[in-house]
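Chains as they are written, first to last, in numbering that gives the first Met the number 0: chain A, 0 to 352; chain B, 0 to 352; chain C, 0 to 352.
What the hints contain is simulated information worked out from the structure, not anything from laboratory work. Just so it is clear, CB atoms sit at the ideal spot from N, CA and C, and this is done for glycine as well. Heads up, a few of these hints could be off.
DSS-like, lysine-lysine: derived pairs with alpha carbons at most 30 Å apart [claimed, not checked]:
| no. | chain 1 | residue 1 | chain 2 | residue 2 |
| --- | --- | --- | --- | --- |
| 1 | B | Lys98 | B | Lys58 |
| 2 | C | Lys207 | B | Lys58 |
| 3 | C | Lys58 | A | Lys207 |
Partial list, computed: chain B residues near chain A (C-beta under 8 Å) [what the hints assert, rightly or not]:
| no. | residue |
| --- | --- |
| 4 | His160 |
| 5 | Pro178 |
| 6 | Val238 |
| 7 | Leu241 |
| 8 | Asn243 |
What follows is each chain in one-letter form.
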Amino acid sequence: MTSIVRNQWYVAAYGSEVGRELFSRTICGESILFWRTESGEVTAMSDRCVHRRFPLSEKPSHLVGDTVVCGYHGFTYGSDGVCVAVPGQTRIPRTARLKSYPVVEQDSFVWVFIGDPDRAASTRIPRAPWLDQEGWTTVSGMEPLAARASLLVDNLMDLSHETYLHGGYIGTPEVAETPITTEVDDEAGIVYVSRHMADAACPPFYSKSTGIEGRITRWQDIEFTPPCLYKLHSRIAPVGVLPNDDGSDPDAFHVEVVYAITPETENSTHDFWAVARDFALDDEEVSDFLRENNRTVVLQDVVALNVLEQVIAGEADGYQELSINIDTGGLAARRLIAKLAESADATAVPAAR
Amino acid sequence: MTSIVRNQWYVAAYGSEVGRELFSRTICGESILFWRTESGEVTAMSDRCVHRRFPLSEKPSHLVGDTVVCGYHGFTYGSDGVCVAVPGQTRIPRTARLKSYPVVEQDSFVWVFIGDPDRAASTRIPRAPWLDQEGWTTVSGMEPLAARASLLVDNLMDLSHETYLHGGYIGTPEVAETPITTEVDDEAGIVYVSRHMADAACPPFYSKSTGIEGRITRWQDIEFTPPCLYKLHSRIAPVGVLPNDDGSDPDAFHVEVVYAITPETENSTHDFWAVARDFALDDEEVSDFLRENNRTVVLQDVVALNVLEQVIAGEADGYQELSINIDTGGLAARRLIAKLAESADATAVPAAR
Amino acid sequence: MTSIVRNQWYVAAYGSEVGRELFSRTICGESILFWRTESGEVTAMSDRCVHRRFPLSEKPSHLVGDTVVCGYHGFTYGSDGVCVAVPGQTRIPRTARLKSYPVVEQDSFVWVFIGDPDRAASTRIPRAPWLDQEGWTTVSGMEPLAARASLLVDNLMDLSHETYLHGGYIGTPEVAETPITTEVDDEAGIVYVSRHMADAACPPFYSKSTGIEGRITRWQDIEFTPPCLYKLHSRIAPVGVLPNDDGSDPDAFHVEVVYAITPETENSTHDFWAVARDFALDDEEVSDFLRENNRTVVLQDVVALNVLEQVIAGEADGYQELSINIDTGGLAARRLIAKLAESADATAVPAAR
């Protein structure tokens with residue numbers, strides 16, 4: 000049984016990854032070809048020639064204007080995936096068209112819809128506006144994860160692991176010690192997990208980038224919109240400094256940590272991560288520091304989760320985990336994802352392949 | 000279900016590969032040991048000792064005169080595969096004999112019969128006489144292909160791919176543009192595909208080796224004898240130069256391109272290729288040029304077909320290809336191979352293993 | 000169907016391998032964590048945290064006194080595997096305990112019981128006292144084998160392979176030529192195989208370490224206690240020199256070759272080997288020579304058995320071996336192992352996992 004939820008939008012790439020070079024990425028088990036038209040629109044179509052299934056992203060396949068030419072026998076397709084030329088004859092078979100995917104460029108991401116295209120327009124694309132907004136500076140990356148997406152969801156929904164796995168980076172004892180509050184908005188399909196530390200050590204990660212000395216008030220407010228988009232609203236301020244009654248918060252530092260968790264296959268994941276900040280906007284040194292340190296933290300997770308995937312692959316069926324309070328958010332996320340999967344299945348019509 | 004046709008002769012090696020060193024190759028899924036007797040005959044027997052299945056091609060196994068001694072416990076076999084000595088006792092069990100294979104050396108190849116040995120003598124071995132004949136010079140090689148044999152058959156039966164995959168080598172626009180004629184001789188079990196280009200660009204591959212300047216008449220006459228032997232009779236001449244009425248053709252250049260397509264396993268293939276020419280016979284420079292360039296072209300196919308094998312491995316069942324006119328020859332070849340497989344199955348008796 | 004016999008003691012490690020670093024080894028398919036308490040006791044527990052199955056041997060997991068702290072979320076366990084701390088709450092779930100294994104340190108080995116722990120105390124641990132005894136000097140090692148344990152049992156029970164696979168090391172023609180006697184003590188569950196060579200060449204392996212010149216009397220007395228412990232009592236003396244009537248044997252050289260054959264998985268094995276001698280006790284040169292040469296011999300077996308495992312993986316079902324006199328001991332060993340497996344199955348209760 001698949002663990003991948005269909006009929007959903009997923010992040011396929013950063014917009015900056017897609018240009019006039021043929022670009023292929025497997026999203027939810029489907030090999031998809033991305034390229035930009037001469038006018039700059041992102042296209043998304045199946046990365047398999049209809050003739051003998053040669054990948055259109057493989058050399059010597061190439062773009063000619065707004066068409067892509069297969070490198071094996073020269074079948075040629077327009078930006079909508081429809082075949083416009085075949086070798087040795089002028090008649091083009093009516094069925095010669097590539098599956099084409101709904102695609103939207105938003106918040107620095109390329110989103111692609113996996114499932115029944117007719118449902119794309121009515122399906123929510125969650126937002127992460129800071130990644131592409133005046134007043135914020137963002138560093139970002141993508142790390143390939145050789146583990147199922149659910150392991151990354153588990154990981155991010157329970158930040159008490161920061162104390163152990165990321166000790167010396169973003170983890171301090173207070174993270175694991177401070178209780179969390181979890182809220183689930185079933186109607187909106189969002190899980191919230193909050194951990195407000197009133198008086199905590201400042202991890203080097205933040206002291207170096209904000210310049211704060213001494214202890215801090217540290218808020219971690221998670222907002223996860225299954226199946227794909229995870230946001231950590233992070234607030235750091237000197238101890239005791241709170242937002243004003245009108246919501247303004249000039250003496251605090253805000254960091255929006257965004258993850259897009261996109262299944263590549265059942266057992267591998269594209270781990271997109273981005274860190275947006277509202278301070279030191281033009282300070283390259285702070286950008287370099289945050290990029291380097293956040294990537295280190297992401298790779299610590301990648302190493303641990305890749306190990307877990309191997310552990311699961313080798314274990315007997317029916318293995319039982321043991322869950323405690325810190326897992327409330329993760330278990331809620333699993334429940335929402337299962338609900339989405341169920342609803343996608345219920346309305347599924349057999350796919351023409 | 001296997002895609003390998005049994006009760007057929009296959010090319011196992013070039014004769015030059017087999018000598019007084021133990022040589023093993025897997026043909027149609029069977030591990031076969033080859034060596035030459037002291038009088039020069041090629042032998043072919045199972046590469047598994049009857050005792051504890053140690054491969055006789057593995058060191059420290061070795062030849063002693065016309066016997067091969069297993070490197071694990073010393074079981075010793077004659078050139079007919081019959082055991083002649085065992086350790087620790089003088090009595091040799093009656094059943095101690097290796098499966099032995101009918102083998103024929105012809106046209107520079109070592110042919111081996113896969114299936115019921117009693118059918119070997121009555122089964123055709125197709126010919127490629129130029130490879131070992133006065134008046135012709137041959138360059139040749141073998142490239143391991145990590146793809147099923149049928150993908151190479153498809154590839155070679157439809158040369159319109161030369162224009163795209165081998166552009167700059169043997170492909171020019173005329174190849175893909177010129178229509179083909181296909182003939183199937185069901186009785187003889189041969190597929191013919193012809194493409195006669197009356198006025199075509201001369202690919203660098205040929206201009207450099209023949210010295211022709213300007214445009215050419217280029218004939219490509221394919222003759223495929225399933226399941227294994229593919230011949231491309233290639234004729235190049237200055238534009239308008241045709242053979243004489245008596246069949247002589249002194250002003251043209253002839254190249255016989257021969258492929259032996261031997262399944263190693265269901266998903267891998269030995270890709271034997273040879274190029275014989277009737278001109279510049281002693282010109283080493285032309286030989287070097289043809290060897291280098293033909294190998295480059297073969298490796299372009301190998302890269303593409305290895306990709307296709309991976310694509311097939313990863314795709315859902317029931318994937319549908321789309322075929323057009325250029326595929327007529329390839330589809331005919333598939334049909335003849337299926338017919339051979341059927342007839343082999345119909346007469347098969349359960350094999351004693 | 001598993002080929003691994005449960006409800007038995009297996010060698011998991013040399014005592015010298017286990018200290019204050021976390022050490023993990025897979026024994027009979029179970030990942031087991033080993034470490035020594037501050038007072039020096041060896042502990043053995045499951046290498047999977049009960050929370051999210053993170054391996055406790057993976058960094059940044061670490062020891063704190065006599066507890067091990069999981070590197071993912073900080074679950075902490077005592078030397079008995081019982082959880083003593085979890086993050087974010089003070090209540091520790093009653094079921095939070097790691098599976099713990101009966102463990103015994105004896106004859107330089109760490110033995111671990113695989114199966115129902117209640118049967119550990121009543122199950123025999125075979126002895127190899129020389130490895131840890133006054134009057135003997137031992138060299139030893141462990142080589143990972145990518146082959147099922149039964150292939151190593153076969154190999155060691157039939158030493159006629161020494162002549163072929165280990166020619167120039169421990170093999171001479173007399174080994175394969177001399178008949179063996181085999182005895183099976185069904186009650187004690189032990190197979191004995193003896194080969195007494197009255198007048199044999201002295202392999203370089205022994206001439207260099209004993210200083211004997213000329214031909215020797217060479218006895219090889221195998222004693223195998225399934226499923227795990229193999230002993231070769233080896234006696235080398237100048238030709239004609241026999242033990243005294245009272246059993247003393249001052250003019251001979253004795254070597255005890257011990258193998259512990261521990262399944263890692265169904266298809267891989269820990270190949271522990273040790274060579275104890277009662278001569279040249281303090282001669283480092285002899286130790287170096289024996290260590291180097293014995294390891295070479297073991298690796299020759301490893302290479303051959305790894306090949307056999309691959310051969311088995313690729314062969315059709317129902318393959319038939321052919322056995323002769325030399326295989327009597329190996330076949331007896333297989334029979335005893337099958338009997339142990341049957342008896343373990345008969346009494347097995349479904350495991351709670």
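Subject >> Ascending list of hint numbers which this structure does not respect >> reply: Failing hints, ascending: 6, 7, 8.
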